[in-house]
Amino acid sequence: MSPESIGSIAYLVLLGAALVMWFIAQNRQSKSKVFQQAMVWGLIFIGIVAAYGLWGDIRHDVLPRQSYVAESAEVSVPRAPDGHYYLTLAVNDTPVRFVVDTGATEIVLTQKDAQRIGLDPEALAYLGAANTANGRVRTARVALEDVVLEGFTDSNIPAYVNEGTMKESLLGMRYLSRFGTIEISDNTLILKR
Numbered sequence: 499m500s501p502e503s504i505g506s507i508a509y510l511v512l513l514g515a516a517l518v519m520w521f522i523a524q525n526r527q528s529k530s531k532v533f534q535q536a537m538v539w540g541l542i543f544i545g546i547v548a549a550y551g552l553w554g555d556i557r558h559d560v561l562p563r564q565s566y567v568a569e570s571a572e573v574s575v576p577r578a579p580d581g582h583y584y585l586t587l588a589v590n591d592t593p594v595r596f597v598v599d600t601g602a603t604e605i606v607l608t609q610k611d612a613q614r615i616g617l618d619p620e621a622l623a624y625l626g627a628a629n630t631a632n633g634r635v636r637t638a639r640v641a642l643e644d645v646v647l648e649g650f651t652d653s654n655i656p657a658y659v660n661e662g663t664m665k666e667s668l669l670g671m672r673y674l675s676r677f678g679t680i681e682i683s684d685n686t687l688i689l690k691r
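My numbering puts the first residue of the sequence shown at 499, with every later residue one more than the last.
It should be emphasised that the hints constitute simulated quantities derived from the structure, not laboratory data. Since this is a predicted model, take the numbers as computed values, not measurements. C-beta: ideal position from N, C-alpha, C; glycine also. Be aware that one or more of the hints could be misleading.
What the hints assert, rightly or not - Just the calculated beta-carbon pair ranges, DEER-fashion:
id : residue 1 : residue 2 : range
1  : 593       : 636       : 20 to 30 Å
2  : 632       : 517       : 51 to 61 Å
3  : 650       : 682       : 11 to 21 Å
4  : 650       : 534       : 56 to 66 Å
5  : 624       : 501       : 30 to 40 Å
6  : 666       : 547       : 34 to 44 Å
7  : 636       : 542       : 19 to 29 Å
8  : 504       : 590       : 42 to 52 Å
All chains, full assembly: derive it from the sequences and hints.
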């Protein structure tokens with residue numbers, strides 16, 4: 499057990515002991531009431547300790563996060579509870595959440611994300627077309643000035659804005675192929691350059 503863990507446990511034990519002593523002092527006349535309150539607070543205290551101890555697992559399962567390891571030039575992304583992999587890239591200095599779609603060729607932005615990064619979806623020329631799971635949609639070709647994924651920066655990246663309705667922007671293979679290795683292992687997507 500690390501010194502930080504021991505210190506945290508000691509702090510929680512002292513806090514619990516202080517609460518118990520306060521209840522005893524406040525309710526000296528009614529011992530059954532003190533016992534009931536002590537049991538309730540004891541269960542709350544045990545629940546807090548359990549949640550604190552399991553927080554790493556809970557956070558990993560409920561809110562998976564991408565991470566970057568500079569030494570190996572590697573980005574790792576845990577699988578989300580819905581079974582997809584999500585990457586957050588800074589596009590023109592604005593964080594945009596993408597669903598990794600190995601079945602898509604291009605980067606495809608929702609109209610909302612396009613607007614967030616400084617494009618005007620109303621002013622775009624929707625001259626292209628794409629076949630999607632929801633049918634054929636019109637698309638507008640754009641260039642993304644700066645795209646940053648953790649330690650990796652790319653400039654003037656081609657992308658498309660979808661005229662139709664999409665929940666998430668898509669990160670297709672044209673961008674993913676910029677990485678030398680794309681691997682899925684133990685429910686984790688690993689990208690290396």
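Hint by hint, here is what the structure shows:
no., hint, verdict
1, 593 <-> 636: 20 to 30 Å, "holds (27 Å)"
2, 632 <-> 517: 51 to 61 Å, "holds (56 Å)"
3, 650 <-> 682: 11 to 21 Å, "holds (19 Å)"
4, 650 <-> 534: 56 to 66 Å, "holds (58 Å)"
5, 624 <-> 501: 30 to 40 Å, "violated (60 Å)"
6, 666 <-> 547: 34 to 44 Å, "holds (37 Å)"
7, 636 <-> 542: 19 to 29 Å, "violated (56 Å)"
8, 504 <-> 590: 42 to 52 Å, "holds (46 Å)"
Consistency with the previously given hints fails for numbers 5, 7, ordered from lowest to highest.
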